[in-house]
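Peer 1: Each chain is listed here by its residues.
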Amino acid sequence: MRIAVCVKQIPDPATPYELDADSHLVVRTQDQVLDDTDRYGVEVGLQLAEASEGTVTLFSMSPSGSLQGIRQALAMGADKAVVIDDEALRGSGALTTARVLAATIEREGFDLVITGTESTDGYTGVVPQQIAEILDVPALSFARRVEAGDGKVRVERQTATGYDVVESPLPAVLAVTAGSVEPRYPTFKGIMQAKQKPIDNLTAGDLGFGEDDVGIAGSGQSIIAVAPIAGRQAGEVIEDDGEAHLRIVALLEETTVI
Amino acid sequence: MAILVFSEETDGHASASALELTSKAAELGEVSVFHVGEGSAAALAELGAHGATSVHHMDPGDGLPAPTAAAAIADLVGGDAPAAVLFGMSNTDRDVAGRLSARLGRPVLAAAVDLSIDPVRVTSEILGGTQQVITEAIAQPPALVIARPKAFAANDTGGPAPSTTSVAAPDVGRSGSAVVVERHVEEQEGPDLEAANVVVSGGRGLGGPENWHLVEELAAELKGAVGATRAVVDAGWVPYSLQVGQTGKTVKPSVYIATGISGAMQHMVGMKDSGTIIAINKDGDAPIFGIADLGVVGDVHQIVPKLIEALKARS
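Same order as they appear, the protein sequences are chains A and B.
Residue numbers are given in the working numbering: position 121 of the first sequence equals residue 121, and the series is strictly consecutive.
Residue numbers are given in the working numbering: position 116 of the second sequence equals residue 116, and the series is strictly consecutive.
Please note that the accuracy of each hint is not assured.
Said to hold, decoys possible - Partner residues aside, some chain B positions facing chain A, computed with beta carbon under 8 angstroms: (1) Met1; (2) Leu64; (3) Pro107; (4) Val167; (5) Leu222; (6) Asp285; (7) Pro287; (8) Phe289; (9) Asp293; (10) Leu294; (11) Val297; (12) His301; (13) Lys312.
By construction, these hints were calculated from the structure, which means they are not laboratory data.
A virtual CB, placed ideally from N, CA and C, is assigned to each residue, including glycine.
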């Protein structure tokens, strides 16, 4: 089974994000990390590949010059990566991201495309379905407990009231939740091997996209204004001295809920 | 200006987001609804009461609804396009919005908390609700918008039942070949999380599922609903239906009590508009204390049982 796993490199979420004053885009630091939520997709891909003697190829659109996050996913065990790292892609929206990823995946060939549910920095959550629509395949979104075999994939899909068991023939797109598996940590051997694994680099032009199709020009939207929101102010913070629960009771009385 | 709102039926009701968005859209123009599901008279009446004049109803059967719904909506808006198609943030809403976006070649303007028409502009909150962005749709109409839950109030204005047209699920070929083979409802006790006046939520700081009863008992004492962070849902302690945050439910109770929750951005966007926030966490640097009205630095396993006892003693 040829498994394509889409991964995103993002600025380290542990440091506060900044917006560029002119472009209103998140400032992309040089050293980006693998989006934590993508580790689940990588793990699902590795498990399915191990069960089927398949291959796992990473796909990432990343106008950054960083490969640190890609190496993290390769160190987990993925076979190779295809990165579309092109300055022209800066400012691209979700749809352009999906178009570029779908075009790249189609070029490489695939049986199953795996994505996370949404990225930690953008969280639009529409890219998996956009990729599926462009590739004309079903999409199993919000998936946990994934099984694949005999040309089929079967998942539990989270719903507002519980879950559905959903089945689909391959090829298909699978968008997994963080509840799907426990991602493995890279071993030292994995980290060393990752340095030798192939990383192909493509530009938007290689895939047939023109300058106006991608980036801010191709986004179909224009940012009019950005302003900080006056946040909630912190109230009182107390150390528990054994009696803190009484302060809580007093506040609950004030709010008249008791 | 015509506006189309997406709705999904559950248990004989239109989705909460559909009622909110229909109410908002009715202020801006003429509202029709694309309604997926059984199509019960009660659900259609709700949509009419909130201002929809017409409803296009499609039953997706056992297929996942996104490919067929997106194709049907694309057909519907192909001629005289509405200014915008509005979606909520439920799994189905986002799936349909994504499919439709790729089909029509339009971007999705996401996480909207405010909306204006002509031109279509949305206000959204990014970076964990610390920055506000106004974005204008500059592609051809319709603009596709995903709105945050509870961004708009649902107003029952007593409108008449809408005119309803049945739409057959289009044949979408390979894209439509995923089928639902089983449906499972995970029963929840107590008040509805999204409507409750008090919400008690738990996070990983509780240590393990064996301590979850603390959250449930405290919620029961306060006649409140139980919520959870993504971390504990992902760890399998409680079902996804309890998840509060970006990818879960958005709540605005009078009182929100966070126990063992550090305050990841994606959790806080789902509860930061609560009336009074009380947080108990052992780490004094936890981000949750930055938005709490009362923060208690201490051990949830000590404090919550005492709190439950104190509340019991009062009643």
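Peer 1: Against the earlier hints, flag every one the structure doesn't satisfy and list their numbers going up.
Peer 2: The structure conflicts with hints 1, 4, 6, 7, 12, 13, although it agrees with all the remaining ones.
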